[in-house]
Amino acid sequence: ETGVTQTPRHLVMGMTNKKSLKCEQHLGHNAMYWYKQSAKKPLELMFVYSLEERVENNSVPSRFSPECPNSSHLFLHLHTLQPEDSALYLCASSQLTGDEQYFGPGTRLTVT
Amino acid sequence: LAKTTQPISMDSYEGQEVNITCSHNNIATNDYITWYQQFPSQGPRFIIQGYKTKVTNEVASLFIPADRKSSTLSLPRVSLSDTAVYYCLVGISGSARQLTFGSGTQLTVLP
Numbered sequence: 001e002t003g004v005t006q007t008p009r010h011l012v013m014g015m016t017n018k019k020s021l022k023c024e025q026h027l028g029h030n031a032m033y034w035y036k037q038s039a040k041k042p043l044e045l046m047f048v049y050s051l052e053e054r055v056e057n058n059s060v061p062s063r064f065s066p067e068c069p070n071s072s073h074l075f076l077h078l079h080t081l082q083p084e085d086s087a088l089y090l091c092a093s094s095q096l097t098g099d100e101q102y103f104g105p106g107t108r109l110t111v112t
Numbered sequence: 001l002a003k004t005t006q007p008i009s010m011d012s013y014e015g016q017e018v019n020i021t022c023s024h025n026n027i028a029t030n031d032y033i034t035w036y037q038q039f040p041s042q043g044p045r046f047i048i049q050g051y052k053t054k055v056t057n058e059v060a061s062l063f064i065p066a067d068r069k070s071s072t073l074s075l076p077r078v079s080l081s082d083t084a085v086y087y088c089l090v091g092i093s094g095s096a097r098q099l100t101f102g103s104g105t106q107l108t109v110l111p
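Protein chains in written order, with my numbering: chain A, 1 to 112; chain B, 1 to 111.
Don't read these hints as lab results, they were simulated from the structure.
It cannot be assumed that every hint is accurate.
To be verified - Simulated restraints on C-beta separations:
1) A:G14 - B:T56: 48 to 54 Å
2) A:K18 - B:T56: 47 to 53 Å
3) B:T83 - A:H10: 23 to 29 Å
4) A:Q95 - B:Q42: 17 to 23 Å
5) A:L51 - B:Y51: 23 to 29 Å
6) B:L110 - A:G28: 37 to 43 Å
7) A:R63 - B:Q42: 34 to 40 Å
8) A:R108 - B:F46: 19 to 25 Å
9) B:T56 - A:E53: 34 to 40 Å
10) B:T56 - A:G3: 22 to 28 Å
Ideal placement from N, C-alpha and C gives every residue a C-beta, glycine not left out.
Could you put together the complete structure from these sequences and hints?
In structure tokens form, the structure reads like this:
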């Protein structure tokens, strides 16, 4: 049990849909992260929230919108996605940014 | 930025010791070195972290030379279940800098 949960585990959505991914950590950490991992590629950091302040990767398209209402919850809002956005989306948390990260099981997203 | 470089893949046999080296020539003074293990379709899992010399835990050892420009993850007596991708990262507590997972090393353990 990693202490980081993600829902849903699998999601299939059309390009015109709007959906949200949810992440929750039960570890009392202050930093949370969203990563994208496409098939046979390394993880790409999308967003970091530390003490509810966002640090973002400027290469992430605006169709991905993060939200961190408190230090335990993190959302990734998705709209008008493209097929190339199909990937495993991983959430992680750590005590402070840059510390040892604990990852959730991921959401397998398929955009049709 | 301290970019990391690792071998793309390695093969080993069950029961052998495996050493995976990571180069980080531009590591900063306050950076730590962290290794993660990832199985297919799962999130990475922390293995070990160190700053200098040698660190050992119940699953691995981490060797860091004095110049800190490289590090070696040592897995003793690997089994088939150690087949995974191994990533090294360098970073500093309290900073989002350097949070880049490289390509990692695909370790395949053969029977």
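Here is how each hint holds up against the structure:
no. : hint                       : result
1   : A:G14 - B:T56: 48 to 54 Å  : 51 Å, holds
2   : A:K18 - B:T56: 47 to 53 Å  : 49 Å, holds
3   : B:T83 - A:H10: 23 to 29 Å  : 24 Å, holds
4   : A:Q95 - B:Q42: 17 to 23 Å  : 22 Å, holds
5   : A:L51 - B:Y51: 23 to 29 Å  : 24 Å, holds
6   : B:L110 - A:G28: 37 to 43 Å : 41 Å, holds
7   : A:R63 - B:Q42: 34 to 40 Å  : 26 Å, violated
8   : A:R108 - B:F46: 19 to 25 Å : 22 Å, holds
9   : B:T56 - A:E53: 34 to 40 Å  : 36 Å, holds
10  : B:T56 - A:G3: 22 to 28 Å   : 25 Å, holds
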